[in-house]
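The chain contents come next:
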Amino acid sequence: MIESIVTVALVANVLPILPVVLQFTEGLSARERRALLLRAVLAGNLVAAGAALGGGWLIHTTRVTVDDLRVSGGIILWSSPPSTCCSAVSSASCRSAR
Amino acid sequence: MIGEPSSFSLVPMAVPVLVGPATLAIVLVVAEDHGRVPALVAIAANAALNALILLMADRVYARLGPGFGRALGKVLSLILAAMAVAMIRVGLLGAGVGGGS
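These protein sequences, in sequence, are chains A and B.
Under this note's numbering, the first sequence has 98 at position 98, and the numbering climbs by one with no breaks.
Under this note's numbering, the second sequence has 25 at position 25, and the numbering climbs by one with no breaks.
Simulated from the structure, these hints should not be mistaken for laboratory data.
Even for Gly, the Cβ is constructed at its ideal location relative to N, Cα and C.
One thing to keep in mind: the hints can contain errors.
Said to hold, decoys possible - Chain B is faced by these chain A residues, among others (derived, beta-carbon under 7 Å):
hint, residue
1, 8
2, 37
3, 44
4, 69
5, 74
Stated by the list, open to error - Ranges of calculated distance between the beta carbons of each label pair, as one might list FRET restraints:
hint, chain 1, residue 1, chain 2, residue 2, range
6, B, 58, A, 68, 40 to 50 Å
7, B, 97, A, 28, 48 to 58 Å
8, B, 89, A, 9, 16 to 26 Å
9, A, 32, B, 94, 39 to 49 Å
Stated by the list, open to error - Here are the computed lysine to any residue pairs in the SDA-like style, where the Cα-Cα straight-line distance is at most 25 Å:
hint, chain 1, residue 1, chain 2, residue 2
10, B, 74, A, 78
11, B, 74, A, 64
12, B, 74, A, 6
13, B, 74, A, 5
14, B, 74, B, 15
15, B, 74, A, 23
16, B, 74, B, 52
17, B, 74, A, 72
Produce the entire structure from the sequences given, and follow the hints as far as they go.
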């Protein structure tokens with residue numbers, strides 16, 4: 001259990017993306033920022049929970065083994081360190097969103 | 001193009017900034033290795049921690065300084081790269097590639 005929590009927390013750590021979050025929410029009131037962040041955390045983790053619940057069925061249906069998943073997950077993890085997810089979204093699109 | 005803050009909180013904020021493909025891959029592996037309940041507990045614990053940090057983002061950032069996120073990102077990159085290598089190694093050995101013990 002602890003191993004699972006630490007593993008997920010290491011990969012989904014938000015500390016490196018704090019500057020991006022602050023840039024995204026710049027200009028919003030405290031109330032709007034709070035609502036947006038809570039919605040984002042809820043939505044993101046619902047997606048993750050969906051993957052945890054339905055992912056097993058999906059990989060078994062597609063005849064993917066856990067070892068295949070490990071290799072593909074390792075490659076994705078290798079190619080997307082914390083800093084790159086920040087640059088994946090341009091600040092221009094964030095400004096236009098508001 | 002993103003229209004309103006409600007959709008903006010889902011894309012790009014929730015996915016892929018908060019929960020990206022690497023997180024989803026890890027969640028799948030954790031769910032397969034340890035079971036769904038530990039994976040869901042890990043997701044819930046992580047969501048609570050992330051919400052706490054994000055709600056205090058400006059205070060946390062002001063206290064830690066602009067360089068901290070970059071430095072932490074470097075350290076985390078090292079740990080995550082090691083985790084990635086371990087996942088690939090175990091996956092390849094499990095699939096019978098390499099044949100070593």
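Hint check results:
1. 8: holds (4 Å)
2. 37: Given a least distance of 5 Å, the restraint on residue 37 of chain A holds.
3. 44: Hint on residue 44 of chain A: holds, closest Cβ of chain B at ~4 Å, below 7 Å.
4. 69: Residue 69 of chain A check passes; min Cβ-Cβ to chain B is 6 Å, inside 7 Å.
5. 74: Holds: closest Cβ of chain B sits about 3 Å from residue 74 of chain A, inside 7 Å.
6. B:58 / A:68: 40 to 50 Å: Holds, since residue 58 of chain B and residue 68 of chain A (Cβ atoms, about 42 Å apart) stay within the stated range.
7. B:97 / A:28: 48 to 58 Å: For residue 97 of chain B and residue 28 of chain A the Cβ distance comes to about 50 Å; the hint holds.
8. B:89 / A:9: 16 to 26 Å: holds (22 Å)
9. A:32 / B:94: 39 to 49 Å: Taking Cβ atoms as reference, residue 32 of chain A and residue 94 of chain B lie about 47 Å apart, which means the hint holds.
10. B:74 / A:78: holds (13 Å)
11. B:74 / A:64: violated (32 Å)
12. B:74 / A:6: holds (18 Å)
13. B:74 / A:5: Distance ~21 Å between residue 74 of chain B and residue 5 of chain A Cα, so the pair holds.
14. B:74 / B:15: With a Cα-Cα distance of about 22 Å, the restraint between residue 74 of chain B and residue 15 of chain B holds, given a limit of 25 Å.
15. B:74 / A:23: Answer holds: residue 74 of chain B to residue 23 of chain A is near 20 Å, not above 25 Å.
16. B:74 / B:52: holds (23 Å)
17. B:74 / A:72: holds (22 Å)
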